[in-house]
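**Q** Below are the chains, spelled out letter by letter.
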Amino acid sequence: MSSDIALQAIDLVKHFSTGSSGFLGRATNIVQAVDGVSFSLPVGKTLGIVGESGCGKSTLARLVTRLIDPSSGSVFLDGVDITTLSGKALREMRRKLQIIFQDPYSSLNPRHSIGQIIGDPMRIQGIVNKANEKAEVQELMQRVGLNPEHYNRYPHEFSGGQRQRIGIARALSLRPSVIVADEPVSALDVSIQAQILNLLENLQKDLGLSFVFIAHDLSVVRHIADQVAVMYLGKIVEVGDSATVYNSPAHPYTKALLSAVPVANPSLRNSAKRIRLVGDVPSAIDPPSGCRFRTRCWKATDLCEAVEPPLQADATGRVVACHFPEEVPVSVG
Amino acid sequence: MSQDVVLSVQNLTVVFHTPDGDVVAVNDVSFDLRRGETLGIVGESGSGKSVTASSILRLNNSNTATTTGSIIVSGVDVLTAQDSEVRRIRGSEVAMIFQDPLSALNPYYTVGKQIAEAYLVHHPRASKADARGVTLDMLKKVGIPSPEKRIDEFPHQFSGGMRQRIVIAIALINNPKVLIADEPTTALDVTVQAQILDLMKDLQSEFNMAIVLITHDLGVIAETALDVLVMYGGRIVEKSTVEALFSEPTHPYSWGLLGAVTSLGTSDRGELVAIAGSPPSLISLPAGCSFNPRCAYALDICSAQVPLLRSVGTQGSVTACHLPNNEILTFGRKAASR
Numbered sequence: 001m002s003s004d005i006a007l008q009a010i011d012l013v014k015h016f017s018t019g020s021s022g023f024l025g026r027a028t029n030i031v032q033a034v035d036g037v038s039f040s041l042p043v044g045k046t047l048g049i050v051g052e053s054g055c056g057k058s059t060l061a062r063l064v065t066r067l068i069d070p071s072s073g074s075v076f077l078d079g080v081d082i083t084t085l086s087g088k089a090l091r092e093m094r095r096k097l098q099i100i101f102q103d104p105y106s107s108l109n110p111r112h113s114i115g116q117i118i119g120d121p122m123r124i125q126g127i128v129n130k131a132n133e134k135a136e137v138q139e140l141m142q143r144v145g146l147n148p149e150h151y152n153r154y155p156h157e158f159s160g161g162q163r164q165r166i167g168i169a170r171a172l173s174l175r176p177s178v179i180v181a182d183e184p185v186s187a188l189d190v191s192i193q194a195q196i197l198n199l200l201e202n203l204q205k206d207l208g209l210s211f212v213f214i215a216h217d218l219s220v221v222r223h224i225a226d227q228v229a230v231m232y233l234g235k236i237v238e239v240g241d242s243a244t245v246y247n248s249p250a251h252p253y254t255k256a257l258l259s260a261v262p263v264a265n266p267s268l269r270n271s272a273k274r275i276r277l278v279g280d281v282p283s284a285i286d287p288p289s290g291c292r293f294r295t296r297c298w299k300a301t302d303l304c305e306a307v308e309p310p311l312q313a314d315a316t317g318r319v320v321a322c323h324f325p326e327e328v329p330v331s332v333g
Numbered sequence: 001m002s003q004d005v006v007l008s009v010q011n012l013t014v015v016f017h018t019p020d021g022d023v024v025a026v027n028d029v030s031f032d033l034r035r036g037e038t039l040g041i042v043g044e045s046g047s048g049k050s051v052t053a054s055s056i057l058r059l060n061n062s063n064t065a066t067t068t069g070s071i072i073v074s075g076v077d078v079l080t081a082q083d084s085e086v087r088r089i090r091g092s093e094v095a096m097i098f099q100d101p102l103s104a105l106n107p108y109y110t111v112g113k114q115i116a117e118a119y120l121v122h123h124p125r126a127s128k129a130d131a132r133g134v135t136l137d138m139l140k141k142v143g144i145p146s147p148e149k150r151i152d153e154f155p156h157q158f159s160g161g162m163r164q165r166i167v168i169a170i171a172l173i174n175n176p177k178v179l180i181a182d183e184p185t186t187a188l189d190v191t192v193q194a195q196i197l198d199l200m201k202d203l204q205s206e207f208n209m210a211i212v213l214i215t216h217d218l219g220v221i222a223e224t225a226l227d228v229l230v231m232y233g234g235r236i237v238e239k240s241t242v243e244a245l246f247s248e249p250t251h252p253y254s255w256g257l258l259g260a261v262t263s264l265g266t267s268d269r270g271e272l273v274a275i276a277g278s279p280p281s282l283i284s285l286p287a288g289c290s291f292n293p294r295c296a297y298a299l300d301i302c303s304a305q306v307p308l309l310r311s312v313g314t315q316g317s318v319t320a321c322h323l324p325n326n327e328i329l330t331f332g333r334k335a336a337s338r
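In order, the protein sequence lines correspond to chains L and U. Just so we're aligned, residue 1 is where the first sequence starts under the working numbering, counting upward by one. Just so we're aligned, residue 1 is where the second sequence starts under the working numbering, counting upward by one.
Excised from the complex, chain L in its bound form (with noise of 0.2 angstroms):
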């Protein structure tokens, strides 16, 4: 693995047993949330995730900063296998690795002033000791925007704008070198959320950091997002530059994703040429044979109810996993 790698994943599997757990080992039902995702993150850029609810996204989250266990599968950060730390190496990766979440109501202990939720993990690291606690929090507190005044109040005297900001000053208390925000925008208004977005890259841009940045706001993953990876059902489908799966989606399910979308002007409202999928997302616990995009898709064949497409590079690099691919218009130049 080459050292311009952030993070990787390989072959990642998450399945959850529903139901009772199964007296003497009874059967039960098997959901599929992720399955067999792999993917690499280059230092510096952002990785967009994203799919509908119920695709694996958020476990997805959860599983690369080992916040849950895989079934199976493995995580490099820095070329060390996370699924397997424990202990001491456990939470040293922890400081490298940290998440946003995207309910800034209840990730913050409303116990806690805003000094403890942003200062306890850096003493606890022992990034910093007693002496110079509140000025490092302070610092960070300016950094991210919000008034280093506000030391002392509690999470219920913040705006939803204002709480999330105290959320990535606590996920950037420890000086990660990755971050993986799971929808950090998705509950903000949409002027805040700008305001949000922004702060992201700006310290992106000063720190080097790495995102994963998960969410279902196809637009917004387009502002941000170097690289975007679309999630069918806990399989990605497709993944590629940005540019390249925005202006031209090689799977059937990224085309239908992007047509859906709203476009703010209504010059276009007609003129865009509409897929409307019908039905829903299948179950997890019973997800269709073959390719599971298959029982919505136009173009599904009996080789598609047969047999899986696997995740394949075409010529620009792209990487899709469709028996019948859309036509991609060769770039010149």
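Treat the hints as calculated values from the structure; they're not laboratory data. A hint or two may mislead.
[What the hints assert, rightly or not] Beyond 10 angstroms from chain U on every Cβ pair, some chain L residues (computed):
(1) 11
(2) 40
(3) 42
(4) 43
(5) 66
(6) 116
(7) 201
(8) 219
(9) 246
(10) 314
[Said to hold, decoys possible] Pairs of lysine to aspartate or glutamate, DMTMM-like flavour, derived with a Cα cap of 20 angstroms:
(11) 205/L x 271/U
(12) 45/L x 137/U
(13) 96/L x 4/L
(14) 45/L x 226/L
(15) 130/L x 103/L
(16) 177/U x 37/U
(17) 255/L x 241/L
(18) 149/U x 137/U
(19) 205/L x 149/L
(20) 255/L x 198/U
(21) 140/U x 280/L
(22) 141/U x 149/L
(23) 201/U x 37/U
(24) 130/L x 120/L
(25) 177/U x 206/U
(26) 149/U x 280/L
(27) 255/L x 286/L
(28) 96/L x 136/L
Even glycine gets a Cβ: it sits at the ideal position worked out from N, Cα and C.
Following the hints, complete the assembly by docking chain U onto the known chain L.
**A** For chain U alone, kept in the frame of chain L given last:
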């Protein structure tokens, strides 16, 4: 009032009485809605868009809220009408759908029973068999597959998109003239959102009804609305056609909203033009124009005097801003072309 106007809201003001003081959630809002048209209301949380919507059906608790102004539906003022008259209007003249279809449905009853109930309330002499027939028709119209089987299923057996279809079926079963949709697709995935928006458009032309569509998503507005109200701090700050909003927006807040939207088309990674600060607390609104602390163009008068709505530009827009007309048009076009 012309024949075509199915809903006329004049000087609507809603004040909630809270232990911390009075909150003016909606302040002097007026608009007309014509048959078959879609009016979009955009704004951030706390802008008063949902309270405006619920006032139209008189859903605000009269013990905690004081509602003044008038809301005329079919010649009746909803705010002063008898309870029985309001009950008649709810459902048969004006119907409403909400953001979260799961909490809008009763988990203990089959969806068929819930749709039929809405029909029977307004058709007391209809038999249960008739109601079931009408319900089946409605389920077909809203695109539920195999309705004969699914009519006897419970809400938990449906997906989010299907539940929203059920809620739409309940809303439309009495053929209302006005449908109020409060963030109807916000809880849905984007492919399902597209299905629901298409369905609403189809049913709108079939039933020739007017829609009030409340959303924070400018993309949804651009695709569905004819006219748009932009709300901020409980007031209308801009009223315009959808084309005018996107080509010549006339209020600094609208400029900010357009700049803050991420789009699928942008290939450059330029900074988004964020609006500084956060939406004001309705309990202590800034003096003068509520947007002035966040406004990059604010003048001295902005913190002293509330701007009145006035016409500006050539596209029939109305704005509440103290800036001179020529500056509004210059900055507005610049904001739209970004």
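**Q** Compare the structure with each hint and give your call.
**A** Here is what the structure says about each hint:
1. 11: Non-interface label on residue 11/L holds, nearest chain U Cβ at 27 angstroms vs cutoff 10 angstroms.
2. 40: Residue 40/L is indeed farther than 10 angstroms from all Cβ atoms of chain U, at 21 angstroms.
3. 42: 16 angstroms, holds
4. 43: 18 angstroms, holds
5. 66: Fine: 28 angstroms to the nearest Cβ keeps residue 66/L off the interface.
6. 116: 23 angstroms, holds
7. 201: Non-interface label on residue 201/L violated, nearest chain U Cβ at 7 angstroms vs cutoff 10 angstroms.
8. 219: Answer for residue 219/L: violated, closest chain U Cβ roughly 4 angstroms.
9. 246: Its Cβ does come within 10 angstroms of chain U, the nearest being 6 angstroms, so this is violated.
10. 314: 20 angstroms, holds
11. 205/L x 271/U: 12 angstroms, holds
12. 45/L x 137/U: 53 angstroms, violated
13. 96/L x 4/L: 15 angstroms, holds
14. 45/L x 226/L: Cα-Cα ~6 angstroms, so holds.
15. 130/L x 103/L: This hinted pair is violated, its Cα atoms lying about 30 angstroms apart.
16. 177/U x 37/U: 10 angstroms, holds
17. 255/L x 241/L: 15 angstroms, holds
18. 149/U x 137/U: This hinted pair holds, its Cα atoms lying about 13 angstroms apart.
19. 205/L x 149/L: Distance ~26 angstroms between residue 205/L and residue 149/L Cα, so the pair is violated.
20. 255/L x 198/U: 18 angstroms, holds
21. 140/U x 280/L: Roughly 17 angstroms between the alpha carbons, so the hint for residue 140/U and residue 280/L holds.
22. 141/U x 149/L: 58 angstroms, violated
23. 201/U x 37/U: With a Cα-Cα distance of about 10 angstroms, the restraint between residue 201/U and residue 37/U holds, given a limit of 20 angstroms.
24. 130/L x 120/L: 10 angstroms, holds
25. 177/U x 206/U: It holds: about 12 angstroms lies between the C-alpha atoms, which stays within 20 angstroms.
26. 149/U x 280/L: Satisfied, since the Cα-Cα distance of roughly 18 angstroms is no more than 20 angstroms.
27. 255/L x 286/L: 25 angstroms, violated
28. 96/L x 136/L: Holds, at roughly 18 angstroms.
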